[in-house]
Amino acid sequence: MLEIKNLTKRYANLRGVSDVSFTLEKGKILSYLGHNGAGKTTTLRCIIGLLKADSGSFYFNGNSFSPFLEDSNDIKKKFGVVLDIPAFYNNLSAMENLYFFGSIYGLTKKDTENNSIPLLKALEIFEYKDEKVKKYSKGMMQKLSLVRALIHKPEFLIMDEPMSGLDPQSRLTIRNLLLDLSKNNNIGIFITSHDLDEIEKITDEIMILENGRIVISGDVSKLKNNVFLKKKYILVFETDNKTNIDLMFKELNCPFNLEGSKINFETDNNIDLESINNLCAKYSIKLLEFSKKEHSLEDIYFKILERNEK
Amino acid sequence: MKNSFSLIIFDFKKLFSLRSIVETLFLQAVMLYSIYPVLKNKSLGYFNITIFLIGIFFLIIFNSFYANKFFLETKQNKIIDILLSSGVSIYEIFFSKLLISFFYLFINLFFYFFLLFLIFKRALFLDFYMPFMILIILSPILIAWNGFFTIQTRYGNSLSYLLVFFLILFFVFLLPYVEKYKITIELLKSNLSLVLIFSLILSSLPFFIINKEKIVLL
Chain A
1 MLEIKNLTKR YANLRGVSDV SFTLEKGKIL SYLGHNGAGK TTTLRCIIGL
51 LKADSGSFYF NGNSFSPFLE DSNDIKKKFG VVLDIPAFYN NLSAMENLYF
101 FGSIYGLTKK DTENNSIPLL KALEIFEYKD EKVKKYSKGM MQKLSLVRAL
151 IHKPEFLIMD EPMSGLDPQS RLTIRNLLLD LSKNNNIGIF ITSHDLDEIE
201 KITDEIMILE NGRIVISGDV SKLKNNVFLK KKYILVFETD NKTNIDLMFK
251 ELNCPFNLEG SKINFETDNN IDLESINNLC AKYSIKLLEF SKKEHSLEDI
301 YFKILERNEK
Chain B
1 MKNSFSLIIF DFKKLFSLRS IVETLFLQAV MLYSIYPVLK NKSLGYFNIT
51 IFLIGIFFLI IFNSFYANKF FLETKQNKII DILLSSGVSI YEIFFSKLLI
101 SFFYLFINLF FYFFLLFLIF KRALFLDFYM PFMILIILSP ILIAWNGFFT
151 IQTRYGNSLS YLLVFFLILF FVFLLPYVEK YKITIELLKS NLSLVLIFSL
201 ILSSLPFFII NKEKIVLL
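Chains as they are written, first to last, in the working numbering: chain A, 1 to 310; chain B, 1 to 218.
These are calculated hints, taken from the structure and not from any lab test.
Ideal Cβ placement from N, Cα and C applies to all residues, glycine included.
Among the hints, a few may not be true.
[As the list claims (entries may be wrong)] The calculated lysine-lysine pairs, modelled on DSS-like cross-linking and capped at a C-alpha distance of 30 Å, are:
1. A:Lys28 <-> A:Lys292
2. B:Lys78 <-> A:Lys52
3. B:Lys14 <-> A:Lys77
4. A:Lys242 <-> A:Lys282
[Unchecked claim] Far from chain A, some chain B residues (derived; all Cβ distances over 10 Å):
5. Leu72
6. Phe111
7. Phe165
Hey, can you work out the whole structure from these sequences and the hints?
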C-alpha cells in the first residue's frame with residue numbers, strides 16, 4: 001500500500017498542491033484528474049522524489065519514507081514510472097535502452113529480455129525492438145515507456161498522462177494492459193490524465209484536483225450516485241399534441257430538451273417506469289421507451305468544477 | 001555505487017562505437033595540425049609552453065564536447081528524471097558522468113601527447129610528460145563545472161559554451177604574460193602537489209551545491 005498524507009508543495013510564484021492525502025492499494029487503479037496547472041504533475045513528482053515536498057508524509061507498505069532523500073532509493077526501485085515525456089537514448093534501439101534501464105535495477109540482459117519481451121508483444125512493438133528509438137512514433141515511445149516502467153516488476157506503477165496523443169488502437173492496447181496489470185498482477189496504478197473517457201473505462205477510484213487541492217475523491221460508481229448530480233432520463237414518445245408534453249414536464253417540475261420524438265431531461269427526483277407511465281397516460285402521450293442515463297465521469301468532473309466555482 | 005557502475009559501463013561502451021572513433025581521430029588530426037608549425041620552427045622553451053597552452057585549449061574544447069555528450073544528453077532527453085525516479089542518486093549520476101568524461105578526455109590528451117612524442121620529438125619525453133600530467137590533473141575542474149552548468153541551469157548548453165568561451169579568452173589574454181612572467185612547466189612541476197589539491201577542491205565543489213530539484217525544474 002502506498003499512502004500519502006497531507007502533501008504540500010508550493011513554488012515561489014506558482015501554486016503547487018496543498019494538503020493532498022490518498023491511499024493507493026495494490027491491484028487498484030487510482031486516477032488523479034484536474035485541469036492544466038491543477039497540481040497533478042507536482043504531486044506525482046513529489047511521490048517519485050523529483051521534487052521535495054514542503055510537508056507531508058509518505059508510507060510504503062506502512063513504512064515511512066522520504067522520496068526526495070537518497071536513502072529512499074531502495075523503495076523507489078519498487079515503483080515503475082512513466083513520465084509525460086518519453087525519455088530514451090534516441091540513438092539506441094529500444095532493446096538497448098531496455099538493457100540499460102534494466103541494469104539500473106540490477107537485471108541481467110537475460111532477465112530484461114524475459115521481462116520485457118511479453119510486454120513488447122502485448123503492446124504490439126515487439127517487431128520494432130531493434131529499431132532506433134528516434135524512428136519511433138509518439139505512441140510507440142509511450143508504449144516503450146510503459147515497458148521500461150515494468151521491466152523490474154514493480155509493485156506500483158506511477159504514470160503521468162500515459163494516453164495523451166495516442167491513437168484509439170494504442171489507447172485500447174494500453175488500457176487492456178493496465179487492466180491486466182492491476183487485476184491479474186496485483187499492481188497498484190496511479191495515473192494522472194485529462195482523458196476522462198479513457199479513465200472511466202479503467203479506474204477504480206478517482207481524485208479530482210482543483211487549484212492544488214483535492215475537491216472530491218472516491219469510487220466512481222458511488223460518485224455517480226452522488227446527491228448533487230441530477231438524474232438523467234431519456235424518454236421516447238408518440239403524441240399529436242406537444243402542448244401536453246409541456247404540461248407533463250411542468251408537473252414534473254424539470255426542464256427538458258426535445259429532439260424529434262426524444263426527450264432528455266434531468267431531475268433531482270427518482271423516477272421509475274410506473275410513475276412515468278402514469279404521467280404519460282394522464283397527458284395522452286404514448287410512451288415508447290424510457291431509460292435512465294448513466295452519468296459519465298465527464299459529467300461528474302464538470303459538475304464538481306462548476307460547484308467549486310460557485 | 002552499483003548504479004554508478006551500470007552508468008559508467010553504459011557510457012564506456014560508446015567509446016568503442018564507430019562514431020566515437022571517428023570523432024577522436026578527427027580531434028587528433030586537428031590538434032596535431034595546430035601544433036605542427038610550432039614543432040618545426042620554435043625554440044624548445046617556447047615549444048614546451050606552447051604545447052601546454054594548446055593542450056589547455058583542446059582540453060577546454062574537449063570538455064565542452066563531453067559535457068554535451070554525457071551531461072546534456074542525459075538532461076535534455078529527461079533521462080535524468082527517469083534515473084532519479086528509479087532510485088539512482090544524483091551524486092551517482094554526476095560522479096559517473098564526470099568519471100566517464102574524464103576518461104574520454106584522458107584518452108584524447110594521451111594520444112595527443114603520445115603522438116607528439118612518437119612522431120616529432122622522441123628525445124623530449126619529460127617535456128611532454130609534465131604538461132600532460134598537469135593538464136590531466138586540472139581537467140576534472142573543468143569537467144565538473146561544465147557538467148554542473150550543463151545540468152543545473154536553465155540554459156545549460158549555452159552557459160556551458162559561454163564558460164568555454166570565457167576560458168579561451170582568458171588563456172588568449174594570458175598568453176603574452178607566459179614569457180613575461182616566466183610561467184614555465186617547471187614552475188607548475190615544482191608545485192604539483194598544490195595543483196593537485198587545487199584541482200581536488202575545485203572539482204568537488206559542485207557535489208556540494210548540486211540540487212536535484214533545480215535540475216528537474218530548470
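Hints and how they fare:
| no. | hint | verdict |
| --- | --- | --- |
| 1 | A:Lys28 <-> A:Lys292 | holds, 28 Å |
| 2 | B:Lys78 <-> A:Lys52 | holds, 18 Å |
| 3 | B:Lys14 <-> A:Lys77 | holds, 26 Å |
| 4 | A:Lys242 <-> A:Lys282 | holds, 14 Å |
| 5 | Leu72 | holds, 13 Å |
| 6 | Phe111 | holds, 24 Å |
| 7 | Phe165 | holds, 27 Å |
Taken one by one, the earlier hints all hold for this structure without exception.
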